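Quick note, the sequence shown lines up with residues 330 to 846 if you use this note's numbering.
Check the hints yourself; a few may be wrong.
[Unchecked claim] Derived CB-CB ranges, DEER-like: (1) Tyr690 with Asp580: 29 to 37 Å; (2) Glu801 with Ser821: 23 to 31 Å; (3) Glu801 with Ala553: 23 to 31 Å; (4) Leu595 with Glu383: 46 to 54 Å; (5) Ala500 with Gly398: 28 to 36 Å.
[Unchecked claim] Straight-line distance between alpha carbons at most 25 Å, and here's what the computed DMTMM-like set of lysine to aspartate or glutamate pairs gives: (6) Lys605 with Glu651; (7) Lys841 with Glu634; (8) Lys454 with Glu489.
These aren't lab readings, by the way, just hints derived from the structure by calculation. Given the structure is predicted, the values throughout are model-derived calculations rather than measurements. Note that the Cβ used here is the ideal one computed from N, Cα and C, for glycine as well.
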Amino acid sequence: MQEQGSNVSSTDILRVLVEGTAAATGDDFFRSLARHAAQALGARYAFAAETLSELESRSLAYWEGTSFGDGFSYRFLGTPCLRVSQGHVCYTKSGLRTAFPEDLWLQQIGADSYVGVPMRNAAGKVLGHVAVLHTAPMEPSPDDINVLQVFAARACAELERVQAERALHTAMQELQRLRDRLQAENVYLQEEIRGEHNVDQIVGSDPGLSELLDKVTRVAASDAAVLIHGETGTGKELIARALHNRSPRRDRPLVKVNCGAISAGLVESELFGHVKGAFTGALARRVGRFELADRGTIFLDEVGELPADTQVKLLRVLQEREFEPVGSNQTVRADVRVLAASNRDLEGAVREGRFRADLFYRLNVIPLRVPPLRERRSDIAQLAMYFAERSARKSGRPMQAIASETLCRLADYDWPGNVRELQNVIERAVVLSPGPVLEIDPLLLKPAPAVAAPTKPPPESAILDDATALEEMERRHILSVLKRASWVIEGSNGAARLLDLHPSTLRSRMQKLGISR
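Build the full structure now, drawing on both the sequences and the hints.
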């Protein structure tokens with residue numbers, strides 16, 4: 330090739346390219362190829378590029394005379410690279426800018442001449458190209474072109490290796506992600522098996538309950554979000570489980586999250602997961618509950634307790650079905666049906682600015698109200714018998730009868746704690762009643778005394794002192810139960826069972842309160 334009157338032999342070109350690229354691989358190879366191709370031909374610019382589509386390419390390395398330039402992407406139309414991308418060797422001796430007036434980059438760098446050779450693989454497919462440009466005329470010989478084609482073939486082989494390496498890395502990442510998810514799913518399901526609330530048993534025939542169950546059957550097959558309203562202890566989780574078990578997603582997990590039991594600093598990690606090193610103590614990647622629930626259902630209990638910034642991220646998941654784990658910029662997609670529940674007045678929280686209106690409307694596509702037990706008095710006797718039988722079976726005791734007088738007292742009580750309170754009263758009676766008839770202490774069925782409203786709000790310092798005192802009481806109580814359970818958290822005799830908490834909830838409370846063995 331000749332440039333500005335100097336003679337550069339094909340042998341010299343071959344020697345420079347061989348010496349410059351012999352020991353290089355990957356990015357170093359493409360950078361070395363671009364640099365030495367330009368230097369060997371006495372040209373100002375050279376680059377190697379990877380074809381992304383029939384119309385688009387991106388640079389692998391770009392030499393601009395004295396240093397490497399930034400990477401760039403470009404479309405082939407209106408450029409000298411179009412025919413090269415179609416498999417042709419292209420050469421323009423001079424007048425390059427005139428021949429391609431729409432290519433603004435050529436105008437910007439003052440390019441006058443161009444040589445481009447395609448990177449073809451063994452099957453003849455063009456994977457990219459090598460281009461050399463100069464600000465003065467260039468005149469290649471056939472041997473010069475042959476040398477460039479030899480190195481374009483070498484570049485194609487290297488590009489195939491790099492692409493295979495990328496694909497392998499992506500596959501390994503996906504495999505690790507699936508492995509982590511399966512491990513997390515296994516742990517979650519084992520906890521569910523050990524838990525005591527893993528039954529889909531809705532007892533009762535009250536008209537209000539029957540109407541609710543009819544709605545559950547009608548909406549179960551839909552993927553629409555459901556917001557379950559109801560007081561504490563009414564059985565909102567059982568309704569969520571019934572929705573899941575009657576849906577096409579029933580063979581995948583129903584993942585439960587108690588939003589009110591997770592500290593504000595950990596809620597995003599719990600929902601969306603985190604990567605290793607995302608924050609102090611993040612020693613390994615954690616799979617979040619949304620990823621764990623992929624192709625299944627997630628149940629967000631007490632959703633009204635979510636912090637404002639987490640509400641924004643939850644809204645995005647509902648809209649886009651995607652999220653980023655804490656500390657990661659990699660987007661994770663999750664096909665999840667969302668069920669939510671709250672014992673708060675969420676509409677009132679929206680009016681007061683404590684809950685996002687757009688999130689409320691996204692969750693409240695199908696509202697379901699679970700009636701309190703005082704509105705289902707006809708079911709109280711049936712529920713009492715059910716809990717008595719189940720408790721007796723679990724404790725290995727014979728079934729005890731319930732006197733009619735006791736059933737009447739149960740039916741007359743208002744049950745502020747709803748079904749959960751009834752369950753606890755019956756289970757306690759089964760344990761404490763010595764004879765064949767279930768005895769219930771009348772004191773258990775007296776309403777709690779009303780708390781008089783203060784004449785003026787307490788000072789902020791008093792509120793803080795009370796909150797601190799309550800936390801200390803909670804800490805002492807949990808410590809006492811942990812010691813009684815020999816610091817065993819899970820299982821039938823574990824601290825979580827004694828405290829009537831999910832094991833993950835207990836661990837979160839222990840972390841918040843600074844409890845460790």
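Okay, the hints, checked on the actual structure:
1. The hint said 29 to 37 Å for the Cβ distance between Tyr690 and Asp580, and at roughly 30 Å that hint holds.
2. In this structure, Glu801 and Ser821 meet the distance hint of 23 to 31 Å, their C-beta atoms being roughly 29 Å apart.
3. Between Glu801 and Ala553 the beta carbon distance is about 44 Å. The supplied range of 23 to 31 Å is therefore violated.
4. Distance hint check for Leu595 and Glu383: the Cβ-Cβ separation is about 48 Å, which falls inside the suggested range of 46 to 54 Å.
5. For the pair Ala500 and Gly398, the supplied restraint of 28 to 36 Å holds, since their beta-carbon distance comes to about 32 Å.
6. Our distance criterion of 25 Å between C-alpha atoms is met by Lys605 and Glu651, whose separation comes to about 20 Å.
7. At most 25 Å may separate the alpha-carbon atoms for a hinted pair to count; Lys841 and Glu634 meet this at roughly 16 Å.
8. In summary, the hint linking Lys454 to Glu489 is supported, as the alpha carbons are separated by about 11 Å, within the 25 Å threshold.
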